[in-house]
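The two chains are supplied separately, each in an independent frame; assemble them into the complex guided by the hints.
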Amino acid sequence: MYVAVKGGEAAIANAHRLLADRRRGDRALPSITIEQVVEQLGLAVDRVMAEASLYDRALAALAMRQARGDMIEAIFILRAYRTTLPRFGYSEPIDTAKMKVERRVSATYKDLPGGQLLGPTFDYTHRLLDPSLIADETVAEPVVKEPGEHVMRVSDILDGEGLIEGDGRMPEGHVMGDLTREPMEFPMARDLRLQALARGDEGFLLALAYSTQRGYGRTHPFVGEVRIGEVEVELDLPEVGFAVSLGVIRVTECQMVNQFKGSAKQPPQFTRGYGLVFGQSERKAMSMSLVDRALRTDEFSEDIVAPAQDQEFVISHADNVQATGFVEHLKLPHYVDFQAELDLVRRMRRDYEAANGSGEEGMKEAAE
Amino acid sequence: MSATEKLEDLPEEAAKRREAMRLLARASLAELETAWEAIADRPEIFAVRGPETGLVMVRGRIGGGGDAFNLGEATVSRATVRLSSGEIGHGQLLGTDKERARYAAIFDALLQTERHRPAVEALHRLIAIRIDAEDRRKVEETAATRVDFFTMVRGDD
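Protein sequence lines correspond, in order, to chains A and B.
Every number in the working numbering is 555 more than the matching position in the first sequence, counting from 1.
Every number in the working numbering is 2 more than the matching position in the second sequence, counting from 1.
So that you can see chain B by itself, here it is in the shape it has in the complex (with noise of 0.2 Å):
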């Protein structure tokens, strides 16, 4: 059974921390750090794995949704962090940020705890919003391309 078929039956605490996961990978550095010290009586931080880069190698389909192929690889930073209350948190994303890597862990084992977890949630907001905006803005100038035809009718009858 692959991942994405067991995406539909994740319990709700999963799909919330996959989305979260989802969105700490495309968090900027600036936002984790802020983030990180808006956070009163921070929790003293463990490296468990990494902060550390390699590669992952990206898969395309043939024909697009066909029998998967390897395309090629990417950079990735991953890191695993404890927290001095034992949440364990992991964090992975594109590039070779590392400081982001670990943000990202300590933020995903922040989510797990009763205390902090609403900061988390704002900061997961704030990424959100600034993805979206991001997003929306490039398929509206991308639309503003978009061809309209017209035919002309030549000659008489």
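Isolated chain A, as found in the complex (with noise of 0.2 Å):
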């Protein structure tokens, strides 16, 4: 028998008026502006982008705000939006070559055509807090200078050798998978896990590739190259016959190259991992593009000793949408399983101090 229990109404409703008046805080402070998210906290929005898996830095940036800064419940909110919209179709492919570039370093080429960009970076900062920031002082203006010639691939410097592995192709015959329209399954081939990897948990990814630097699962990476701009995405429209531009989103590229000493079937090569990611965000790039190349053991007949290699483990756990929805749903009433349990567990303790109970009865009787 299922017995419904009711209740809770006014509470939830007061707890929701609650939550209300503790987000908007001090009403003596001016509201923040979904504007002033996007501009002054724009890699939070960028990071509640590529983890919901939509791109649109407005509803990202409100989506914060409702979730009073939760990166994980902005990312559930804006998730959960995207399933009310229809789907209009695919975009071609973006063409990171043709990318208008605002940060691109190397670490295997010091000089190399486009030159190392450094771009708006924190590296090289002290990492000291700055006062400064407290009173709204006026910021200078960036300084300018004549731009210098194309940013070529890294990818296409090594492969005129030969001693690196192409572009990712999948079998002939592979037709490409897509993750909002069919359930996960295992093995999954390259193209998903990309997809899932891209829109996995940045902190969970990072660990993981922070493992196979430590050894679990070791890949010997060098970055070849990590880009961020802007790309154009191009629509097929039917309906005059060619593909249009339907604006600009910006996404940061890695290309790591790592070491492969060869197999039985190949001589040794670089091999790569690869990491795209929405926004800008090379933590997640280059955690990506380790993940992505330590996932690769079918193809290069490496063996899984490592969790980072394991894709059932990495593709099942990533998605922070879901790892939040099955641990937060134990603080939801359990009310009649916990019942059931202590009623067991009450059971299992009178057998098992009936058994005791008799042990000792049982030696002492021995005894006498």
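Source of the hints: derived by calculation from the structure; they are not laboratory data.
Check the hints yourself; a few may be wrong.
[Stated by the list, open to error] Derived DMTMM-like pairs: lysine to aspartate or glutamate, alpha-carbon spacing no greater than 25 Å straight-line: (1) Lys653/A - Glu35/B; (2) Lys653/A - Glu14/B; (3) Lys886/A - Asp898/A; (4) Lys700/A - Glu143/B.
As structure tokens, this is what we get:
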């Protein structure tokens, strides 16, 4: 028999009203605007977009404000929102070679075409808390310089010698998968894994990437290049018979180059891991590329000896919306489940005491 | 045959329309409204589809140039309109701004009329100049952060 327990409506309504109050905070302070969040907390906005797997800076900022800055809650809200929208189609693949580069660094070549472009980076800052930011001090305009030559891809440089594997190809006849349309199945092809990693939790992927560096599935990585910038998104328009630009999005791309000593089938060469993420997030793109490479064990006949190489483990646990749903559901009422377990433990305890009790009796008897 | 392969063979008119759509997708609401207000004897506009907001799954390529994979979705707003003179226009752009999408569709339709073409082309130039200036500025700011390496010879001989 199932007995529905009702009640709590008033408590829930009041709790949500209290949440709205706490979200707004001190009324004497001005309310933060969406534009301010987009402009001044841009990297948080980018993270919400990337892990929600939905590119829309204004909506991501709105979700962050609604979530009081709780990133995973904001990601959850944005994911839920996307389910309410129809799918118009699939874009043409974005061309990162034509990126309007805002930052590009390579750890493998010092003097490469296009140069080392630092862009707006935290690197080389001293990480000292800056009290001058408490006051709204005037910020100097950026310095400008005449641009140099085209920013060439690092993978194309190495490719000339044939010492590096090419850009990733799927097996002949492979049909591209879409995680938002089909349930997950393992083993999972690389295209689907990349989709899952692109929206995976930054902290989880960072930890896994770090584990490969510490020896749990070592991949001998070098950053071939990291680039950040805008690319055009084009959609084929059957009504007019050609693909049209919908505008630009900012993405971060990481080409990780990994030493590979060769196998029975392949000569020694550099292999690659790939990272591509919405917004500006090189930590995530780098982590993604390290994990992508670690997961390619089947292609290089590598033994799976570490968590980062186990695709079922990595992909099944990378999604923070799924993860938080399952962990956090534990706080919801489990009264009936717990009563049943309580009953069971009581019975087991009675049996245990009865058995131990009789055991003691038996020993006493034997002693007498 | 993919759409991108077709591009080289695109007839001149189609290539022009494609470039116009690229610019309209990045037009601000203010630019569109001002241009619309400036047009004399505006035709009547009928909605054929939308304006509506939906999603496009953005694709990337493995390794940057390999086979495609699904990266994640983006919000897209689109509209299709018909002018009282019969021309059909399509507007589509990133984001949830349906009003901009509707204007983009209107100007796509107006481009096909002899009468309004000059006004629409003036709008295109305005948008192009702004985008080019913004892009140029960003490239120059980035260029200023380029590292100029120099080496220091240490020790004697």
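Verification of the hints:
Between Lys653/A and Glu35/B the CA atoms are separated by roughly 31 Å; this puts the pair beyond 25 Å, and the hint is violated. Between Lys653/A and Glu14/B the alpha-carbon distance is near 23 Å, which keeps this suggested pair within the 25 Å criterion. With a CA separation close to 21 Å, the supplied pair Lys886/A and Asp898/A stays within the 25 Å bound. Simply put, Lys700/A and Glu143/B have alpha-carbon atoms about 7 Å apart, close enough for the 25 Å limit, and the pair holds.
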